[in-house]
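Peer 1: Sequence:
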Amino acid sequence: LHSSGGLQLLSLEVDAAHAAIARNLLVFAGVHHLVEVLTGHSEDVLPRLSERFCGVKQIDFVFLDQRGSRYQADLSVLQDSGLLSDGAVIVADNVLKPGAPHFLWHMLKSPHFTTEIVSLGEFAMPGVEDWMTISSYSSAAAPEGVRVASPPALIRTLEWRAEQMRARAHEKDLG
Numbered sequence: 005l006h007s008s009g010g011l012q013l014l015s016l017e018v019d020a021a022h023a024a025i026a027r028n029l030l031v032f033a034g035v036h037h038l039v040e041v042l043t044g045h046s047e048d049v050l051p052r053l054s055e056r057f058c059g060v061k062q063i064d065f066v067f068l069d070q071r072g073s074r075y076q077a078d079l080s081v082l083q084d085s086g087l088l089s090d091g092a093v094i095v096a097d098n099v100l101k102p103g104a105p106h107f108l109w110h111m112l113k114s115p116h117f118t119t120e121i122v123s124l125g126e127f128a129m130p131g132v133e134d135w136m137t138i139s140s141y142s143s144a145a146a147p148e149g150v151r152v153a154s155p156p157a158l159i160r161t162l163e164w165r166a167e168q169m170r171a172r173a174h175e176k177d178l179g
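Taken in order, the sequence shown gives residues 5 to 179; the numbers are from the working numbering.
Because the hints were derived from the structure by calculation, they are not lab data.
Built from N, CA and C at the ideal position, the CB exists for glycine as well.
Take these hints with a grain of salt, some might be off.
What the hints assert, rightly or not - When the alpha-carbon atoms are kept at most 30 Å apart in a straight line, the in silico DSSO-like pairs for lysine-lysine are as follows: (1) 61 / 101; (2) 113 / 176; (3) 101 / 113.
Stated by the list, open to error - Here are the in silico distance ranges between beta carbons for each label pair: (4) 113 / 21: 34 to 40 Å; (5) 21 / 95: 41 to 47 Å; (6) 120 / 85: 21 to 27 Å; (7) 65 / 133: 22 to 28 Å; (8) 121 / 32: 41 to 47 Å; (9) 80 / 56: 14 to 20 Å; (10) 125 / 176: 15 to 21 Å; (11) 159 / 47: 39 to 45 Å; (12) 143 / 112: 15 to 21 Å; (13) 44 / 65: 40 to 46 Å; (14) 172 / 152: 28 to 34 Å; (15) 25 / 147: 42 to 48 Å.
Can you make the complete structure from the sequences, with help from the hints?
Peer 2: Shown next as structure tokens:
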């Protein structure tokens, strides 16, 4: 993130306890002055990012590691607000399991992104494959206002199913 004060790192945590742990780790590492940990849901925080941080001009790197069904909406907010710098790198985790089909569709169909899919083993799950995407953004890759077509019904169904899997994974075990 480039601001009038130079480079800065922002982290967004939905859980206040995780945010507190992150802040303490940053203090312990001696880099708390370089990183700001924001607390809240991405759909609430990202639309106000540029007004909250006066002077924010460009974001050079985005790492997505939250609910995959939010990836596309969050990226669209950053893109539509003009905050993504030309050449910005976007890395998204867990795009296969439980998945982010709409995001993956968009990244592979949009003329603004060049995307590579990287296969890797899922953390703490030997033998389970997952994917990460590494994408670069180009604002000049297509005329302004060009949008990717809506994903087909199958992609929307896969997105819904992935969200249902996430919801089940977060239910309390009653057994």
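Peer 1: Evaluate each hint against the coordinates.
Peer 2: Right, here's what the structure says about each hint:
1. 61 / 101: violated (33 Å)
2. 113 / 176: violated (38 Å)
3. 101 / 113: Distance of about 20 Å is within 30 Å: holds.
4. 113 / 21: 34 to 40 Å: The hint (34 to 40 Å, Cβ to Cβ) holds, given that residue 113 and residue 21 are roughly 38 Å apart.
5. 21 / 95: 41 to 47 Å: violated (25 Å)
6. 120 / 85: 21 to 27 Å: Since residue 120 and residue 85 have Cβ atoms about 25 Å apart, the given range 21 to 27 Å holds.
7. 65 / 133: 22 to 28 Å: holds (25 Å)
8. 121 / 32: 41 to 47 Å: With a Cβ separation near 35 Å, residue 121 and residue 32 fall outside 41 to 47 Å, so the hint is violated.
9. 80 / 56: 14 to 20 Å: holds (19 Å)
10. 125 / 176: 15 to 21 Å: violated (28 Å)
11. 159 / 47: 39 to 45 Å: Distance hint for residue 159, residue 47 is violated at roughly 21 Å.
12. 143 / 112: 15 to 21 Å: holds (18 Å)
13. 44 / 65: 40 to 46 Å: Since residue 44 and residue 65 have Cβ atoms about 20 Å apart, the given range 40 to 46 Å is violated.
14. 172 / 152: 28 to 34 Å: Since the Cβ atoms of residue 172 and residue 152 sit about 30 Å apart, the hinted range of 28 to 34 Å holds.
15. 25 / 147: 42 to 48 Å: holds (45 Å)
When each numbered hint is compared with the structure, violations occur for hints 1, 2, 5, 8, 10, 11 and 13.
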